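Colleague: This is what each chain is made of:
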Amino acid sequence: MKALNILLIEDDMIEVMKLNRTISSLKLNHKIIEADNGEEALVILEKKDELPDIILLDLNMPKINGIEFLSILKKDSVLKYIPTIILTTSNNQKDLLECYKIGIAGYVLKPLKYEDYVSKIEKLLAYWSINELKQI
Amino acid sequence: MSQDKIDVLQRALTREKAARKQAEKILENKAAELYEAKQNLEKSYIELEGLLNKTDSQLQGVFENIVDAYVIMDLFGNILKMNNPAINLLDFEDDKEDYNLLKIADPSELQRVSESFQTLLKKGTLTDFHLKIITKKNISKLVHINASIIYDDGIAVAAQGIVRDITEAKKAERQLIESENRLTTLIINLDSGILLEDENRKIILTNNKFCEFFKINTSPDLLKGQDGSNAAEQNKVLFKNPKTFITRINEILEKRTQVIGDELEMVSGKILLRDYIPIYENTVYKGHLWAYKDVTLRRNYRKSLEAQKQKYSNIIANMNLGLIEVDNHDKILMTNQSFSKMSGYLEHELIGKNAGSIFPVGQGSEIIKNESLKRQKGKSNSYEVKIRTKSGELKYWLVSGAPNYSLKGKIIGSIGIHLDITDLKNLELQKEQLLTKLEKSNDELQEYAHIVSHDLKSPLRSINALVSWIKEDNVGKLDDLSLQNFKLIDATLDKMEQLITDVLNYSSIGSNTGDMADVNLDEVITTLIQIMYKPEHIKVTILNKLPTLKGDKTKLQQLFQNLIGNAIKFINKKEGFVKIDVKDMPTHYQFSVADNGMGIEKKFHDKIFKIFHALNKSKESTGIGLSIVKKIIDLHEGEIWLESESNKGTTFFFTLKK
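Residue numbers (the numbering used here), protein chains in the order written: chain A, 1 to 136; chain B, 1 to 658.
Isolated chain A, as found in the complex (with noise of 0.2 Å):
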């Protein structure tokens, strides 16, 4: 299985932890660059010769909320062909539907279980690492 660059952009210190002791207790070795929140990314994007593969991003955030970072990543012509995976707790249809109308590759709600979190992360990270991103 392919080792994927994952930048995880998560405000909130235990869901960091959470995703990484899923990665661990999974045994995968994908590699999770952190982000505490869109500034913090945009600096770390910045660096266009390690640029992740993929980007799971919270909505609920200080400073630049989720969305409105998804924004600015889609208008830039190198950043937007990172898929961008939801990962949050909320459900409002509202901003489901703004995420997929700027361009997101994927919705994830983070399920009150600890052991359903561990599953839902498995599948996610099953299915990116078989997928063929761009070579950048």
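The hints are simulated quantities; they were obtained by calculation from the structure and are not laboratory data. Predicted, not measured: the structure shown is a model, and the values here were computed from it. Hints should not be assumed to be uniformly reliable.
Distance condition first, Cα-Cα at most 25 Å in a straight line; then the derived DSS-like pairs of lysine-lysine [said to hold, decoys possible]:
#: 1; chain 1: A; residue 1: Lys94; chain 2: B; residue 2: Lys487
#: 2; chain 1: A; residue 1: Lys80; chain 2: A; residue 2: Lys123
#: 3; chain 1: B; residue 1: Lys487; chain 2: A; residue 2: Lys120
With chain A held as given, fit chain B onto it using these hints.
Modeller: Coordinates of chain B only, in the frame set by chain A:
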């Protein structure tokens, strides 16, 4: 014989001799006289004969030259002789024709003819006999006959007559009578009271209307010949001013000049108009005509018309609406006081100006132009326009315009009524702003609810993850009690999660109501029941086919899900059922969801629909479900109520608009 006797006889003889001699002498004289008389007679006879001949020829001349038809007939009616006019009258060829006059008479007249003939024979004359005849040329004529019998030695031998053709005269006379009748009928029935008096004020003619005006209870005919001045004296009491009524009549009669339109007010309130027309024949005064006309109605019309006009003028002057009249070129012709007050311009500053160019601001001129074009096509209209007053204030006016027509029905301009709706308009604008604001704040609230729920849910996920990790990292080290407590933490987190979801749902129901479409409930609810969690011992059935109605599909589903779910939740029997039914009402459908659960006490029936009023503090119940149900029903203009018996079951009834 005695001497004496002889003497006596001798003396007597002598006397006789003497007497005879005397008689002879007288006789002789008489004979001579007779002779003389005879001579005279002969002479006069010759004279007479001459005279007669002369008269005869004179008569013949008269007879022939007479203008009227002259006919002599025998006593059987055969014509003996006739003159030229008679030939013409009777349409004969010449006077030689033999003809019986009785044949000329119209067949209908035969009886009269024979009667008249008898009269003629008896009396010797017949005068003024009118007879209808039919001439030889078959022309019907009316003739006038004067006839007499001709006697010879006292014996009637023939009859002579003068015949005059009066056909035309009679016709003219009849026409005259007819037209006189017509005139009389006309006068009798005239709408004016007519009184014709002669120079002595004797009534010649009057009519029905006159009798009506003066309350005379006899026919107009019976008034003929009466004294008009007496009548006036009697009738003066009918007038408001009896004295002047009489003096005015006398004054008029004295002057004898025409008077038109004297106004008389009667006690009854009636107003009469009187004309006086003197009649002169060859400058000789022959009488006069009075004509009375009832003008009460007309006078009252004029009065009420004036009152009406006054009323409307007052309304126009004093009404709170600005009034403006313009011609077809939008030039101001008239404005009222209120309009001056509204606009700040005095009337004289406005007259002659173009209304569309003084006031409007922005699009106003265009609007006014379009609207006045519509009015010129005869349409009334009303529209709003933003204007600037003389002092520069911005105002909103509601203008109601209507075309103005001339008496001939041509559009000559329009009349506009203006109402200052600035305050109203400001309120409306304010309302619109408020609505926008409200909508925005509603959206914001919705957004806020989502953010809050996200923010509340995130810590739950973290707690769950952390608890999981503690369990994972300490497998085998935790005792049963700790494991039990971890399970309670999980259950509490579940309930917290559900609560947050419910609150979010509840707050979302009021928003986006635009999704009303036809919903086939039978299909939706059947599917819903299939996918819902149902314990083995509970049967959920739909008794009658559910209808299709206008609504929000997701919310209706939520409504049934909550009610059915509730019913299932509280069934405490071995064999449970939930029965769904529907009844067709005029404007609504009435649904019912019945169960054989534990029932709800009466005192809670109202409370249960209020938010956070869960009766049973169970781990699945948040107390929001029925509040959501109520809110969805409100949204579909329905009502909800319930019937319940403790430990026997509950039936929820609710209605939804068709």
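Colleague: Please flag the earlier hints that this structure goes against, numbers listed from lowest up.
Modeller: 1
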